[in-house]
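Novice: Read off the chains here:
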Amino acid sequence: MRWFLFAVLAATSWTARALGVGVVEDRAGSALISLSCLIIGGVLSGELAARWRLPRITGYLVLGLLAGPYALGLETADDARFLHLFQELALGLIALTAGAQLRWRKIRDRARPLAAITLGHVLGIWLVVAGATWLGLAAVPFLGPLTAAEAVAVATLLGVIAVAVSPSTTIAVITEMRARGELTETVLGVTVLKDVLVLLLFAWVYAAGRAALGDEPLDLSLVRAVGIEIILSLVVGCGLGLVFGIYLGKVGRHLELAVLALALVSFELGRAAPVEHLLVCVAVGFAVRNIFGRSSAAFLDALERSAGPIYVVFFALVGADLDLGVFTVVWLPAALYVAVRLAAVWLLTRLPARVAGAGPSVVQWAWQGFVAQAGLSLGLAARIGRELEGIGERLATVVVAAVVINQLVGPVLWARALVASGEAGREDDDGRPNGRPSIGD
Amino acid sequence: MLRGTVAFLVLVAFALLGTELRAALARRGLRAPAMEGLSFLAVGFALGDRAFGLFPADVLVTLRVVVLLGLAWIGLVFGLQIELRVLRHLRPWHRRVGWLVPLLIGSSVALCGFLLGLRPWLALSLAAVAMAPAPSTLEGVARGRVPADRSAFRLLKLVGAFAGLPAVAGFGVASVWASPLSEVAHGLSQWQLLLYLVGIGIVVGYLSLVLVRGVREPVEIVTLLIGTMVGLAGATALLGVSALPAATCSGAILINRAEFPHRILRVAHSLERPLVIALLVLVGAAWSGVAFSWQIFAVIVVGRVLGALIGGRVLAARAGRHGVPVKVPGLGLGLLPQGELALGLLVALVGFSTGSEGVLEAVVAAMVIHQLVGRWWMGRHLVRPRGGTAG
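From first to last, the protein sequence lines stand for chains Y and A.
Here my numbering is used: the first residue of the first sequence is 1, the next is one more, and so on.
Here my numbering is used: the first residue of the second sequence is 442, the next is one more, and so on.
One or more of the hints may lead you astray.
[Claimed, not checked] Listing some non-contacts, in silico: residues in chain A with all C-beta distances to chain Y over 10 Å:
id, residue
1, Phe555
2, Leu557
3, Glu580
4, Glu661
5, Arg714
6, Pro715
7, Phe733
8, Pro826
[Stated by the list, open to error] Here are some chain Y residues pointing at chain A (derived, C-beta under 8 Å):
id, residue
9, Ala31
10, Ser36
11, Asn290
[To be verified] According to the in silico footprint, chain A covers these stretches of chain Y (three or more CB under 8 Å from chain A):
id, segment
12, 252–265
13, 308–322
If you are wondering where the hints come from, they were derived from the structure by calculation, not from laboratory data.
What you are looking at is a predicted structure, and each value in this text was computed from that prediction instead of being measured.
In this text, a Cβ means the ideal position worked out from N, Cα and C, and glycines have one as well.
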């Protein structure tokens, strides 16, 4: 009955907009109708996913994928642009949650595995995927004939993108599964560290790639700019975290709104200044959790209370951004790329974790937390597509197709890993009780 | 970069100063007399483009979605309070005065508006805003004290609980009147639009009912309600009418038909406050602050005071006839304070209609005056300190 009503609602809104009969020109109104379909459909498909023992965000993503402008068109490209701000705000809130989950004491205790896995990923996955791509380019010339320099540039760029993961997916699954423990914290820590390092690595490889593809000299100013951006983001984030901590301690009211204001401020900062707004949010969350230990419980509660609707909206919009059409065009190179990346992630997580003396759950399951890819990879692909003439667009298409697969498979694997390791539904160290969900709970 | 950070620091500073001020006043046994909602409008103005500029025009356009959802949510929460079971248990004369007194206040404002030459839809909208009560002010004044006249206190509470209904109904009619679709070129009459408005409310109400049936998790209920209210806000925005009356219909259906109505009411309440605050901050941020309509100010101040005094006399007379004597003088002045429903209606009025320049400033100024007079009267005549004599 609920699905039937949703289908009627979706069909009605689609027909009304397609016919455009007697309605006022109002972009907000049109975007709200799209958003309504995404939210209601997202909740229903999340429930369906849970019934099939899959994480709910897979349901949200699939719904977004089907309802998006590239499929049924319940949400138009115009609406997606209009709702972009909400996507960014949701991402800011998720980044705040990610920062707040990181505890300095735990990071210090697990410094060796964290450093080993991060290093293994950043250097290992990059080199393995780049090498495999370079060999693959000779066997499956999906980009057409390339010079040796072009092949190296393409391979290294795909290698860097293979390192990137989706912190939002990682944290969403952790929140949904109410997971705590060594595996959870290690994967989250590596994910955040990698997020920072990938930006630096991409800037360097990108500058080198441009130099190789054109006749430009190697310009490392981009690397310097990214480095400064990262440092500035962390400093600004810690500063805002201090201010927010004082607010928490002294006022402690309207926390949901204060958190939203914080996300909005960091978004504004990201638009107007050389800072990465997600890093700012991570730093704020980290500072609040680790400096204002006592009052940070209220902060975490506020984030958790807002998590449900935010995840539905965010992942449905992420799903809507994924272009299914490109998958049919480049499915073979994309599938090969995904397979090589998966193998590299498996090997280069287990090996460093074992060497660094991580716990058995990390050695056995952590790789499944590094499969999902979303925003960062799509952003890097879009940049390549926009700025590298000739091959950029085709390269970006392959990356988008690979992200579609990784984003659909990643959350499922990560949720299963959390359940299998026994960390799903554990009680928090702060004594805040959690449920004991299984997948699909 | 500096702009955004400074704006955030200002926001925090506002909150810290507000908390300190409230604590200092409480230590001296005082309460801030102004409406809390107004402070959020002021915060919004401080953050807006005319002060620190956190909300540039393009962000405000996008955040209009929040304003529309906020209005729908206010309507939903109001609708959720219309429990037919409770209404049926009231005495007939209670129901009659509950409708009659706000209608007298609204009629007085509408009449003043017509006499001063306001457009009919604007006069009707202002009448609807003027009818909206503030039961929370009454409760706030009585906190820590006892009523000096229990009959008067109960009667004011009764009217306060009832008056929102005619206010929202009147506002629905006014919003249809002001819709651009009701012009001849679009081929839709006001009656047809009114039917659409009510129809959307009923359809969304039943849709919400089916969607939340059997759902236990509060977070899932709230997400589904957000989904349906977002749809309602979108549909009404495309028709160029306010979402508030339609959402009230949906809320009334939900509360009277749902399996666990109070679970829905609880989750709806949990989101009401953040949304109302966000709404007020955004309205404050978008405030141009260039126009002040003395005409509208006069209509609201004079019309509302006259209407309240007449309404108060009628109320006292009817109560006396039913053996409930009212001893306090000027009962109608207790009807003057207004709260968040009035602010919500005002925001909706400013949002859905063109040609309402200067309305926000004038009505807010009038609300402040009414708030001060009403609270002064309540403090002097309606309540007394515990253990003290009548004031």
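Novice: Hint by hint, say whether it matches the structure.
Specialist: Against the structure, the hints come out as follows:
no., hint, result
1, Phe555, "holds (28 Å)"
2, Leu557, "holds (30 Å)"
3, Glu580, "holds (19 Å)"
4, Glu661, "violated (6 Å)"
5, Arg714, "violated (8 Å)"
6, Pro715, "violated (5 Å)"
7, Phe733, "holds (27 Å)"
8, Pro826, "holds (28 Å)"
9, Ala31, "holds (6 Å)"
10, Ser36, "holds (3 Å)"
11, Asn290, "violated (20 Å)"
12, 252–265, "holds (count 10)"
13, 308–322, "holds (count 3)"
Hint check: violations occur at hints 4, 5, 6 and 11; the rest are consistent with the structure.
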